[in-house]
Amino acid sequence: MRFIPNTESVRREMLAEIGVASFEELISAIPESVRFRGDLDIPGPLSESELLQEVSALSRRNGDFARLKPLVGAGAYRHYVPKAVGALLSREEFYTAYTPYQPELSQGTLQAVFEYQSFLARLTGMEAIIPSIYDGASAAAEAALMALRLSKKNRILVSSALHPHYRSTIETYAAPHRTELIEIPCREGLTDPVRLEELLGEETAAVIVQSPNFYGGIEPVAELAAAARNRSVLFIQVVAEALSLALLQAPGELEVDILAGEAQSLGMELDFGGPYNGFLGARKKYLRQLPGRIVGETEDRDGKRAFVMTARAREQDIRREKATSCICSNHGLNILASAVYLSLLGTEGLYRTALLNTRGAHYLEEKLAGSGKFERVFGFPFFNEFVLRSREPMVEVREKLLAGGFIPPLGLGSYLGDETLAGTALFAVTEILSRNDLDLVVELLAK
Amino acid sequence: MKLIFEKSVPGREGYSLPADQFEEIPLESCIPKEFQGKKRELVEVSEVEVVRHFTRLSKLNYGIEDGLYPLGSCTMKYNPKVSEHLAVLDRFVLAHPFAPADLVQGSLKLIHDLGVMLGRITGMDAYTLAPAAGAHGELTGVLIIRKYFEDQGERRIKMLVPDSAHGTNPASSAMAGYRVVELKSNQEGTVDLEELEKAMDSQAAGLMLTNPNTVGKFDPRIDRIAAIVHERGGLLYYDGANLNATLGLLRPGDTGFDVVHLNLHKTFGTPHGGGGPGAGPVGVKEFLRPYLPSPVVVFDGEKYRLRDPGEKSIGMMRAFVANFSVLLKAYAWILSLGPEGLREASEAAVVNANYLLVKLRDHFRPAYGGYCAHECVLTGRDYKQHGIKTLDIAKRLMDYGYYPPTIYFPHFKPYAEETLMVEAPESEGKEVIDDFIAAMIQIAGEAESEPGLLLEAPRSTPIRRTDDVLAARRPVLHYDDELKLKAGE
Numbered sequence: 001m002r003f004i005p006n007t008e009s010v011r012r013e014m015l016a017e018i019g020v021a022s023f024e025e026l027i028s029a030i031p032e033s034v035r036f037r038g039d040l041d042i043p044g045p046l047s048e049s050e051l052l053q054e055v056s057a058l059s060r061r062n063g064d065f066a067r068l069k070p071l072v073g074a075g076a077y078r079h080y081v082p083k084a085v086g087a088l089l090s091r092e093e094f095y096t097a098y099t100p101y102q103p104e105l106s107q108g109t110l111q112a113v114f115e116y117q118s119f120l121a122r123l124t125g126m127e128a129i130i131p132s133i134y135d136g137a138s139a140a141a142e143a144a145l146m147a148l149r150l151s152k153k154n155r156i157l158v159s160s161a162l163h164p165h166y167r168s169t170i171e172t173y174a175a176p177h178r179t180e181l182i183e184i185p186c187r188e189g190l191t192d193p194v195r196l197e198e199l200l201g202e203e204t205a206a207v208i209v210q211s212p213n214f215y216g217g218i219e220p221v222a223e224l225a226a227a228a229r230n231r232s233v234l235f236i237q238v239v240a241e242a243l244s245l246a247l248l249q250a251p252g253e254l255e256v257d258i259l260a261g262e263a264q265s266l267g268m269e270l271d272f273g274g275p276y277n278g279f280l281g282a283r284k285k286y287l288r289q290l291p292g293r294i295v296g297e298t299e300d301r302d303g304k305r306a307f308v309m310t311a312r313a314r315e316q317d318i319r320r321e322k323a324t325s326c327i328c329s330n331h332g333l334n335i336l337a338s339a340v341y342l343s344l345l346g347t348e349g350l351y352r353t354a355l356l357n358t359r360g361a362h363y364l365e366e367k368l369a370g371s372g373k374f375e376r377v378f379g380f381p382f383f384n385e386f387v388l389r390s391r392e393p394m395v396e397v398r399e400k401l402l403a404g405g406f407i408p409p410l411g412l413g414s415y416l417g418d419e420t421l422a423g424t425a426l427f428a429v430t431e432i433l434s435r436n437d438l439d440l441v442v443e444l445l446a447k
Numbered sequence: 001m002k003l004i005f006e007k008s009v010p011g012r013e014g015y016s017l018p019a020d021q022f023e024e025i026p027l028e029s030c031i032p033k034e035f036q037g038k039k040r041e042l043v044e045v046s047e048v049e050v051v052r053h054f055t056r057l058s059k060l061n062y063g064i065e066d067g068l069y070p071l072g073s074c075t076m077k078y079n080p081k082v083s084e085h086l087a088v089l090d091r092f093v094l095a096h097p098f099a100p101a102d103l104v105q106g107s108l109k110l111i112h113d114l115g116v117m118l119g120r121i122t123g124m125d126a127y128t129l130a131p132a133a134g135a136h137g138e139l140t141g142v143l144i145i146r147k148y149f150e151d152q153g154e155r156r157i158k159m160l161v162p163d164s165a166h167g168t169n170p171a172s173s174a175m176a177g178y179r180v181v182e183l184k185s186n187q188e189g190t191v192d193l194e195e196l197e198k199a200m201d202s203q204a205a206g207l208m209l210t211n212p213n214t215v216g217k218f219d220p221r222i223d224r225i226a227a228i229v230h231e232r233g234g235l236l237y238y239d240g241a242n243l244n245a246t247l248g249l250l251r252p253g254d255t256g257f258d259v260v261h262l263n264l265h266k267t268f269g270t271p272h273g274g275g276g277p278g279a280g281p282v283g284v285k286e287f288l289r290p291y292l293p294s295p296v297v298v299f300d301g302e303k304y305r306l307r308d309p310g311e312k313s314i315g316m317m318r319a320f321v322a323n324f325s326v327l328l329k330a331y332a333w334i335l336s337l338g339p340e341g342l343r344e345a346s347e348a349a350v351v352n353a354n355y356l357l358v359k360l361r362d363h364f365r366p367a368y369g370g371y372c373a374h375e376c377v378l379t380g381r382d383y384k385q386h387g388i389k390t391l392d393i394a395k396r397l398m399d400y401g402y403y404p405p406t407i408y409f410p411h412f413k414p415y416a417e418e419t420l421m422v423e424a425p426e427s428e429g430k431e432v433i434d435d436f437i438a439a440m441i442q443i444a445g446e447a448e449s450e451p452g453l454l455l456e457a458p459r460s461t462p463i464r465r466t467d468d469v470l471a472a473r474r475p476v477l478h479y480d481d482e483l484k485l486k487a488g489e
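Residue numbers (the working numbering), protein chains in the order written: chain Y, 1 to 447; chain Z, 1 to 489.
Quick caveat, the hints were computed from the structure, so don't treat them as lab data. Where a beta carbon is used, it is the ideal one built from N, C-alpha and C, also for glycine. Check each hint, because a few of them may be wrong.
[As the list claims (entries may be wrong)] Heads up, incomplete: computed chain Z residues facing chain Y, CB under 8 Å, no partners named:
id: 1; residue: ILE4
id: 2; residue: LEU17
id: 3; residue: PRO32
id: 4; residue: ALA99
id: 5; residue: LEU103
id: 6; residue: ARG146
id: 7; residue: HIS272
id: 8; residue: GLY274
id: 9; residue: MET316
id: 10; residue: LEU335
id: 11; residue: GLY341
id: 12; residue: PRO458
id: 13; residue: THR461
id: 14; residue: ALA472
Produce the entire structure from the sequences given, and follow the hints as far as they go.
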């Protein structure tokens, strides 16, 4: 076997050195009653060329996604990832390494994480960045648990315009802690500030609002955060489309207490939903309550700048059942992807990419809404996602788009099981779609 | 080394974008002024500088292809190149999770089939591939146990965890709302049956067990342990951290385990990524299938689909489906080895560990007697008299060109102190292991004759030992913190 160097004769030599007559002696602690004696019923072994054929054949059961352009986002966005990102990620020193517990041999990983934390601090305006929770949904759930610990209260108000997967994940994580999750209804596709005021009470630990929200709407975060602050309630903002941060007000400046984000848009491919990378931002005073790893700067014995994992007395390997979370392995390589992506795009590149997104999205929205075949559902400002109601059945819209080479938008009526949204679709437009592509969409749907 | 921010020069660019074809649309008409933020200053660096920067950073790291990575409990095995190639096939990597099911039959089939294969390898009936990491799998598994007892109308508030367990076990149990009861190990390093009998009462939901455990021992009374837990109405949880000792030899499902989590990035050859991403699939026995998280992949005889398992499900553990590319690499690894290859891998790993144990036991007293599974737990306690800690031994190994073994884990009194946990997976050959053994023995000699070499180690690495207290006392968590510190703010 090509991944196992020791041959049968070497193995016999080693067993002799160990002082046993057979391999079985080494595992004699396993009771015979439970020993597995059969052959595992799995396929293989395959040679490398057979494996390539097998997996390539499997991939061909998928659509030709190099050709099909997505008009769907809803928490997963196809942005262009420069080839330098993949090339640098495929350096074995990065992708085969372990968690950087030994800083002397891990400065590459540690400095890259520090740089990522620095980029995110500037993008979000938050004082402390936890660089990696598994994804945006689990980051939102960790933020909720953190708010429960900080406030010692048990009611959380969740905007009904939060991504349903995030909502479900928060529910799963919060279930054992006798937490009451209460939905803040929406008005015109945005979290209703009047209802929020009514729901805020003594027992409220936190308010969770996504912006841009699941429907694409930019929430009046400053106003909502102030309402929470006035009642001494923690305000958690969720960001599922991190590129929006390049144009919108920084959550830190809006006095958001905890930010839970998804960084997939910053250098990660769609990959059928993962691995992506969640992050948290918080005020520095909450550092000891944050879950997961964080990198800090220090010095080595010779006074040289060095990076280490820090504030470790929150983590499971040290604190066991008193840890702030059980998270151990995170999505370290995805941190690196974003660090490289943000270095390449830089100040101008990220800003201009965000501009392309929002202008393209508004271009398409305008054309479709003006065609008479679609109507606007909400009047809110948006970044790169919006909702339209089709006058034609959604099934036909989907068929036309697929035939024209586009992955259709998410049909909200069926997806959310909400009859008031029957016939509506959540469109996403990124820089992947050129003006010609968008004109073609209009031609397919509006002519 | 300079930070990327310190390499920034105004006007440089490392990106290329299509021409803006929407210039006639003013930004204000898209996003009202009151919602716009100021332009974020990131960096301005050319592509070649970015590539050189991260290439140089990579050279400050140590990867599996640089040499032996004997981290016990982490199973740092070779990550096949072909897997990396497969994981970036366009039709997989560009698949949108909300694409119509007809367009993602390949992705869904892969997830489905990997679940079936893992089921057969571990003797479990149903798998979820959603969990993103081992600890995420643990949390999933314990939440499944919790939901199950809730449904049974049973109030069980405790979870039993041996003192030798990974920190993630008590942390996951606490996160799932359980009170953690720590079980003291016996003098062989395995579960003390009397302790278990005492603790396993009607309040206990079950026992989380790693087998072989973290001191490198197969539990010889696993049949009895399972019987005790089940007789008292509890469930048995298998932490798959050490599954690499068992492939084709011992299946947790045949041993009485009800819930299992695996670490694809340990046992199944997917890379550790400098901290992740991995994947932590969870397998259950049939009676727990309805509790699996949403969504699950089902095959209706014609098509693969994502489905919500129904009202008993614990809900979602994350957004979307799974860490797909990680699953793909594990699938490729399993197919490459096949049934005999899997057994051969575990056998080779166990032989390697015992060879290390036998060759090193006279120099680094093992925590426990007897043979070990796929990793051995040695200690540096005999060098304390020379003022040497296990940490110093680990740091000195770096000067010999090795990444050190896991140190200070497991850590519990009285046996597992000053521990060095060594694991050389099946992908390491005898010569590599012999060289490592020679280095370890050399260091043992130095500890007695020239302890200064250990205390001053490492000297050959990009940086020397770090001041961790300073890092914690004065948190500098990003570049602007550093600028403020320098400005004396």
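Evaluation of the interface hint that places GLY341 (chain Z) against chain Y, nearest CB under 8 Å: For GLY341 (chain Z), the interface hint holds, since the closest Cβ of chain Y sits about 5 Å away, which is under 8 Å.
Under the criterion of a CB-CB separation shorter than 8 Å, is GLY274 (chain Z) in contact with chain Y as hinted? holds (4 Å)
Minimum beta-carbon distance criterion (8 Å), PRO32 (chain Z) to chain Y: This interface hint holds because 5 Å falls under the 8 Å limit.
Is the shortest C-beta separation between ALA99 (chain Z) and chain Y less than 8 Å? holds (5 Å)
Does THR461 (chain Z) meet its interface restraint, that is, does its C-beta lie within less than 8 Å of any C-beta in chain Y? Cβ of THR461 (chain Z) sits 4 Å from chain Y, so the hint holds.
Closer than 8 Å between Cβ atoms is the bar; does MET316 (chain Z) clear it against chain Y? Give me holds or violated. holds (4 Å)
With 8 Å as the cut and Cβ atoms as the points, is PRO458 (chain Z) at the interface with chain Y? holds (5 Å)
Restraint: ARG146 (chain Z) near chain Y, CB-CB cut 8 Å. Satisfied or not? holds (6 Å)
Restraint: HIS272 (chain Z) near chain Y, CB-CB cut 8 Å. Satisfied or not? With a closest approach of 5 Å, the HIS272 (chain Z) hint holds.
Could you check if ILE4 (chain Z) really has its C-beta closer than 8 Å to a C-beta on chain Y? holds (5 Å)
Was the hint right that LEU17 (chain Z) lines chain Y, CB cutoff 8 Å? For LEU17 (chain Z), the interface hint holds, since the closest Cβ of chain Y sits about 6 Å away, which is under 8 Å.
Hint check, ALA472 (chain Z) versus chain Y [nearest Cβ-Cβ separation less than 8 Å]: holds (5 Å)
In summary, the structure agrees with every hint in the numbered list given earlier.
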